[in-house]
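Undergrad: Next come the chains, spelled out residue by residue.
Protein chains: 6
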Amino acid sequence: MTKKNNRQVYFNGKFVDEQEAKISIYDSALMFGDMIFEMTRSFNQKQFKLEEHINRLLYGIKILKIPFDYTAKDLEKACLETIDINKPFFKSDDEHRLMIDVSRGLLGIYQNIENLHKGSNLIIADFPLSWTVKKMGRFFDLGINCVITSQRVIPSHLMDPKIKNRSRLFYLNANIEVSQFKGDTNWALMLDTDGFIAEGTGDNFFLVKDNTIITPEGRNILRGISRDYVLNELSSQLGVKAIEKNIEKYDVYTADEAFITGTPFCMLPVTSLNGIKISDGKPGNIFNSLLNLWSKNIKVNIPEQIKAWNKIDEKEDIQGPTPYKF
Amino acid sequence: MTKKNNRQVYFNGKFVDEQEAKISIYDSALMFGDMIFEMTRSFNQKQFKLEEHINRLLYGIKILKIPFDYTAKDLEKACLETIDINKPFFKSDDEHRLMIDVSRGLLGIYQNIENLHKGSNLIIADFPLSWTVKKMGRFFDLGINCVITSQRVIPSHLMDPKIKNRSRLFYLNANIEVSQFKGDTNWALMLDTDGFIAEGTGDNFFLVKDNTIITPEGRNILRGISRDYVLNELSSQLGVKAIEKNIEKYDVYTADEAFITGTPFCMLPVTSLNGIKISDGKPGNIFNSLLNLWSKNIKVNIPEQIKAWNKIDEKEDIQGPTPYKF
Amino acid sequence: MTKKNNRQVYFNGKFVDEQEAKISIYDSALMFGDMIFEMTRSFNQKQFKLEEHINRLLYGIKILKIPFDYTAKDLEKACLETIDINKPFFKSDDEHRLMIDVSRGLLGIYQNIENLHKGSNLIIADFPLSWTVKKMGRFFDLGINCVITSQRVIPSHLMDPKIKNRSRLFYLNANIEVSQFKGDTNWALMLDTDGFIAEGTGDNFFLVKDNTIITPEGRNILRGISRDYVLNELSSQLGVKAIEKNIEKYDVYTADEAFITGTPFCMLPVTSLNGIKISDGKPGNIFNSLLNLWSKNIKVNIPEQIKAWNKIDEKEDIQGPTPYKF
Amino acid sequence: MTKKNNRQVYFNGKFVDEQEAKISIYDSALMFGDMIFEMTRSFNQKQFKLEEHINRLLYGIKILKIPFDYTAKDLEKACLETIDINKPFFKSDDEHRLMIDVSRGLLGIYQNIENLHKGSNLIIADFPLSWTVKKMGRFFDLGINCVITSQRVIPSHLMDPKIKNRSRLFYLNANIEVSQFKGDTNWALMLDTDGFIAEGTGDNFFLVKDNTIITPEGRNILRGISRDYVLNELSSQLGVKAIEKNIEKYDVYTADEAFITGTPFCMLPVTSLNGIKISDGKPGNIFNSLLNLWSKNIKVNIPEQIKAWNKIDEKEDIQGPTPYKF
Amino acid sequence: MTKKNNRQVYFNGKFVDEQEAKISIYDSALMFGDMIFEMTRSFNQKQFKLEEHINRLLYGIKILKIPFDYTAKDLEKACLETIDINKPFFKSDDEHRLMIDVSRGLLGIYQNIENLHKGSNLIIADFPLSWTVKKMGRFFDLGINCVITSQRVIPSHLMDPKIKNRSRLFYLNANIEVSQFKGDTNWALMLDTDGFIAEGTGDNFFLVKDNTIITPEGRNILRGISRDYVLNELSSQLGVKAIEKNIEKYDVYTADEAFITGTPFCMLPVTSLNGIKISDGKPGNIFNSLLNLWSKNIKVNIPEQIKAWNKIDEKEDIQGPTPYKF
Amino acid sequence: MTKKNNRQVYFNGKFVDEQEAKISIYDSALMFGDMIFEMTRSFNQKQFKLEEHINRLLYGIKILKIPFDYTAKDLEKACLETIDINKPFFKSDDEHRLMIDVSRGLLGIYQNIENLHKGSNLIIADFPLSWTVKKMGRFFDLGINCVITSQRVIPSHLMDPKIKNRSRLFYLNANIEVSQFKGDTNWALMLDTDGFIAEGTGDNFFLVKDNTIITPEGRNILRGISRDYVLNELSSQLGVKAIEKNIEKYDVYTADEAFITGTPFCMLPVTSLNGIKISDGKPGNIFNSLLNLWSKNIKVNIPEQIKAWNKIDEKEDIQGPTPYKF
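Sequences listed follow chains L, D, U, C, B and V, in order.
For our numbering, add 75 to where a residue sits in the first sequence, where the first one is 1.
For our numbering, add 75 to where a residue sits in the second sequence, where the first one is 1.
For our numbering, add 75 to where a residue sits in the third sequence, where the first one is 1.
For our numbering, add 75 to where a residue sits in the fourth sequence, where the first one is 1.
For our numbering, add 75 to where a residue sits in the fifth sequence, where the first one is 1.
For our numbering, add 75 to where a residue sits in the sixth sequence, where the first one is 1.
Treat the hints as calculated values from the structure; they're not laboratory data.
Possibly wrong hints are sitting among the right ones.
Capping the alpha-carbon separation at 30 Å, the derived lysine-lysine pairs in BS3-like fashion look like this [as the list claims (entries may be wrong)]: (1) C:K162 <-> C:K140; (2) B:K193 <-> V:K140; (3) V:K357 <-> L:K124; (4) U:K152 <-> U:K166; (5) D:K357 <-> B:K140; (6) V:K320 <-> L:K316; (7) D:K124 <-> U:K352; (8) U:K316 <-> D:K124; (9) L:K284 <-> C:K152; (10) L:K89 <-> D:K79; (11) V:K320 <-> C:K316; (12) L:K148 <-> V:K284; (13) V:K352 <-> L:K124; (14) U:K166 <-> C:K193; (15) L:K284 <-> C:K320; (16) U:K316 <-> D:K316; (17) C:K352 <-> V:K124; (18) V:K316 <-> C:K320; (19) B:K371 <-> B:K386; (20) B:K320 <-> D:K316; (21) C:K284 <-> V:K124; (22) U:K137 <-> B:K316; (23) C:K284 <-> V:K352; (24) V:K140 <-> C:K357.
Just chain L, same shape as in the assembly:
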């Protein structure tokens, strides 16, 4: 492999410059939102829960009947190679955020176009985690204000969010909606059509009540890998009961604490809902304990790392509290 000048993207077995990592307009991914994907992160450059991400990816591929020959092992190898080749382009204090995309490939009627890849695509990009989270540092202290949007999630029996796919315009709609609210700590939180708290547009919701950690049942949501880590590992390490349960706005208003989880930032405290303070409106003790434990487990001070990135780039402001600007 020759020396590269630039971040490289794994593309069906080869590496291409990041700028060249593109999908044909005739690909099923662009025609139907028909792409399965994962986004990971590292701690100290070491991937976290990569196996879990890959397994979830493979489930999605199987359920959508995408022809695909890579095994879990193949995928892991490709991921690690991608990280290796990109190391030179990462600051030493940054982390590797992988984006693994699998699409079905060209629709049948475009199969005869020459010089286009036939069959499904596997694409693995690797970009600095700091891009995603650098504006989020302040939320570890302030907390975010979750805003219930009129946009509700699509019920899983119509299009299943547990299959991590790209037909997710409604997430974007929720983000646009939240950008219209007053305040600068707003964060979209969607209900399902039964009126239960479902998820954010890229994160899972938790509350704490009477020393029990509670998160919505894994139905109309992506079953996040960070969610799983808190629910099944961190909580028992901490010795606190954690359960899945249908929860409603009322349960949040009367909770002791609340927080969200997501791969890039791990956990953020939720200190109010629709502008109404949860408890005393400050990050909660169990939140702090879980986050400390997580930091300890992976040997990175999670909030400090993110806050540090923010300082470095403080001249730019490409991103507000909702993940994307409108």
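Once you've looked at the hints, dock chains D, U, C, B and V against the given chain L.
TA: What follows is chains D, U, C, B and V alone, placed relative to chain L:
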């Protein structure tokens, strides 16, 4: 403009080879299925209802708040230029199928990557209509068998199909489901969550009962431009009443005729539903009259043109009755 | 009747000072929100559609099985007496806004408390219309921005809004929600649980498309008397078709015009929905024509009257665009 | 404080005669059903679970964003003062039923009316518990017949019953409906819109099956304080498992026992549903054990106290089995 | 054909004594409620709308894929033969009520049992109409009181009532429920799951408002043949507009008149709903006009004929206002 | 009792030839699908869980208010007598499948027909189990492919499947639908209207994930007696946790194993869903262990017995993988 060897795609004001018409993996279109699009066709190389397609495109862009500067006039001009530049690459008996794509562009966090287009994208591709329809000629005589899938459409208040967008994995799911049924004239037909007939995965449904043409209310469906042409123009030209109304499976089973409309094939007769014959199981009189009228209006014998394409390419068989193979 | 120093309220056959118009905490109205009511207005001191208001009141009383002996004629007489007695306390340029309240009275278990009125209550208050509308003058030119709330209306089969009653906390919730949005022309607009546009928290919604006036079906809404006047009288006077139909957000975004109706302000233009301009973002022609016609019919320039009130009281600012401050 | 001749009501810091405890017709409570409330009881003149009632009240006030300055301690003090001042007017064998009402106060447009209280209202009434329950004594032996009404509860995501408020006309509708059934032990029991047993119009439902006490999940119901006492305290004192679970009519028909809980009567046995006997149609053993335990805990024989009140007043008959007469 | 002593039932081409008209316990009709049927009546011994009944029967058979060889003509012939053979057993003033049953026959696993009919069954019984209606005479003057049951109809997309079949236990449930109400003119009226008026347990509902006849849309109901006659023939003969529309309880409470239609009694006035009078609580003018017209058209005074039957049999009382006793 | 030549059916206290076991066309069972039933099986000629079947039957009878005098003991006695009398007609290696039917009897209006049984009917048939299952032997090795039908189950609050009744045409519809799919191991599996896995058309569904046995909550399903045996007895005998939980298609696709239970075949492995393999597409270990345990408990090798029946009758093929042929 230098001479091209290949079909060209309009890409943000320039033309690129069709094989190079690609979208960055960091584009909102690929991240969120956040793309508005239109697909048109010509008759005798002249675009049909191009203005209507462009207006619908602009409504979608406005509702999704995609920053976009092109006017309807600009868009029309770009479409016509695209056709002009591609004429040399079309057989004289083929038609121009435009695909107009608009995406929001790179998500905020990727804005700093160099050499990637900033801002929204406008892409116009132009490929032979025969690709889409050449296997459909036999259906004008045989009719198709609509199959109600367990996949239902997403209610418009959750994600609106009237905004023609790419978050449409559920359409693909319906097609996959139909591919599992016995028979070779099957075609997906989805119900909405109220149990009313909604639409196919790229077409609108009509029935005829007691000399009235009836099509589902324009709620949980794409309000197709062919649908509009039949509903508001052809029917009155023919002197037959045409209305929008909630319809159910029972109404189809007891109808006098049924058919679907879609841009590429215009109209196809539906001769059975779930294997149960509609009336005598043959294309109906009003269907035939409407199709003849349409052919006459645009001076192309629609079914004969499609059947002719089939003959030419009979050695290949890349596509069954559902639009895509699995 | 002795001379009064103060606005008077009709209270079960007598007149009491406005400050004394109060309901026992043991009344069914306060225990169950069990009160039927109407709010009217005058033009040039003459009540408008009083008969229609009284009839709707009587329907509600009958359906809720409230024991009540007043006939429509009795009610009309009591209303007119109330206005007469209050005339001295009204500025000559103001209008009479009647509030007619009927409650079932004390619950059974409190019937033995002495000195409390037994049986149902009829209360008629009369206060200056300017109180309600004086801050709304600017909206006739600017238009309002309707905001779809996450609060949806209660389906009529659970608690029927057509019965104008006081169990309407959800209206207040919608107003609170809208107060959290950026902007100063926001106005709550609620969907029903099917995702159709229902109503504001005290007003009905209309749009105009292709020269047809369209308002939601009279199902999950109060069937407003102003709504009825526009739908069945003004529109035909103007020679424009007006219909009831299920409408969705998409229909509003793609409408030619939109407006709301309500007894105190008659009509206000809606120039955007969720911050997205409707057509050119200005009050529409049909809106203006309807409002002019209404003004002509009742011989009051409706918008000018309201704007005039605003000038007089410009030092106070007790009310924003949503009817109540939070 | 001068000596009073009459029951007194705490009203924004003062005491007024019960007959004078009234709310302005312009108060948000009467305009929107916008009032938060609690109703308590004493045992041997000592309030039961007063803290829990106050906390629930404060949650409701916070969620509805009612401006309110009283702390839990302030509220407790006011309650106790109210009881003290009213003691002279209570028979020695009666109990104190407090009604604590909080309303937002006058709507904005009425703020300028003189001599009306500005800001939110706190009202605490204290009346004899015997008024509410004296006709219920016979049900401890007979049991009640729950009748499923066609009136269903409003789903909590539309208007949350967990916020104890006055927009509850649908409760009254259910009571009216039940009054039309044959029989004199009927009692309204409502389903939610999913078809699960929800609650009565002022009480929570329980069944017993295979030695487990089961009550509906705390979703579309008021989470009653008596319900909580049975579910979390009495049951474990008795050594019987008690859980929350969605239950259906079928589960009641096939239950071993059933009962309801409510503050005034504590517990009543349900011996049939829609006229179909539950088990042998008699109050169950676990019901009896729970009630005995409760009586023992608070040192009042609950059923005997209620039966005794009935004897005293047997000449009057102001109330049937459903709480209110129509 | 030998002389019979008894009413005869057509049974797969033969006639058997009515007592012998029985279905094997292994028949699909008894295993799955898998039977399509029609019930007709005569006027002056002449069948009314027999062709329409037969066509509806054949639609049901086709949709359920029951193997069946009889044509419409065959069926008509069999019906008429059945009437002929039964004439001797009918009083001269009675009418012929045919019951036409078609079942799929024995389930596959029972096909080997000897001496049981293989294949689908056609059964035509003919019994006196007076049996069904003789207790209904008084309703023509009194009207019936429709009672909304908590039992709602099954949505048509789950099991379609337009296919007249025997899986209708929920109809019986509604009748049982109504039998528990006070009063002796009660009649079950079911809502659909959207809260719209659907149908009775063997009849269709109509109301009259402002000189328009309105009946529920033909969705979650059996589209009755009497309904069709009123909607499409009698109304235009009378010169009154008649439409299908979703209607709610509120619309009934505020209607000018209401009535039901059903084959045996043709039409009955509905004078109250849930005990609340509709208009003045008397049969309406349009009802009377329609019924007179119907009587005139078929040359039988419909109400008088039914009242006459009642007199004859007044000693028996086998049936109350709901069709069946419990 | 005289010697019989033929299988006998218990019919209201008497025995009749199987061919004569028939129900009048005027019976409520045939008019309304108003019949409660049970179907049992023996192991080594000994009835399994007969008491449970009888109890469930009696619950249904009670809930539907069918007048019925038999006690559980009477019913057991009648069942055993029926088996005794039929023993001579069973091959020694076959098993007794009882069908116990209870219908309300003739509708009221037919009560006067002579020579027809008045009152409810109790019918007990006894036929060889091999008839039902002989074609199923191969599924113990191959597994079945469950197919999600567009037909969903009727929600229990509309018509309760827990009451085992004959209004079940929708089960047949699901079977017809599945017969249209490619493949010869297909088996209908229905969702409920919430999108959860409900049941097959005569069987309950289970999956195994991470060593936990999971079956849908007992809501929109028949709570099968085999289901109960696996859930509450076999699983604890095996030492594996077994729970009820809402499950979705996604949970099946990602399960470790899946199977169904039903009285005639006890358990069958589910090796794919909609053609997508579950795990490695083979019967799972826990399935095999449970089935072995069951076989051991009742001393019959369940799969071998069924396979043996298949060999004997291999010349016939009256039944495919879905229970009935269309």
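Undergrad: Holds or violated: K284 of chain C with K352 of chain V, Cα cutoff 30 Å?
TA: violated, 39 Å
Undergrad: Given the hint that K140 of chain V pairs with K357 of chain C, does the C-alpha gap stay at or below 30 Å?
TA: holds, 19 Å
Undergrad: Please verify whether K284 of chain L and K320 of chain C have alpha carbons no more than 30 Å apart.
TA: holds, 19 Å
Undergrad: Taking only the CA atoms, is the gap from K162 of chain C to K140 of chain C under or equal to 30 Å?
TA: Violated, because 34 Å separates the two Cα atoms, which is more than 30 Å.
Undergrad: Does the structure keep K320 of chain V and K316 of chain L at a Cα separation of 30 Å or less?
TA: Holds: K320 of chain V and K316 of chain L sit about 20 Å apart, inside 30 Å.
Undergrad: For the pair supplied as a hint, K371 of chain B and K386 of chain B, confirm whether the alpha-carbon distance does not exceed 30 Å.
TA: Distance ~23 Å between K371 of chain B and K386 of chain B Cα, so the pair holds.
Undergrad: Holds or violated: K320 of chain V with K316 of chain C, Cα cutoff 30 Å?
TA: Holds - the C-alpha atoms of K316 of chain C and K320 of chain V are around 20 Å apart, at most 30 Å.
Undergrad: With the threshold set at 30 Å, check whether the alpha-carbon distance from K316 of chain U to K124 of chain D stays at or below it.
TA: Since the Cα atoms of K316 of chain U and K124 of chain D sit roughly 27 Å apart, the hinted pair holds (cutoff 30 Å).
Undergrad: With a cut-off of 30 Å on the C-alpha distance, tell me whether K352 of chain V and K124 of chain L pass.
TA: holds, 25 Å
Undergrad: Going straight from one Cα to the other, do K166 of chain U and K193 of chain C come out at no more than 30 Å?
TA: Given pair K166 of chain U, K193 of chain C holds - Cα atoms ~25 Å apart, limit 30 Å.
Undergrad: For the pair supplied as a hint, K357 of chain D and K140 of chain B, confirm whether the alpha-carbon distance does not exceed 30 Å.
TA: holds, 19 Å
Undergrad: Would the hint linking K284 of chain C and K124 of chain V be met if the CA-CA limit is 30 Å?
TA: With Cα atoms ~20 Å apart, K284 of chain C and K124 of chain V stay inside 30 Å; holds.
When held up to the earlier numbered hints, the structure conflicts with 1, 2, 23 and fits the remainder.
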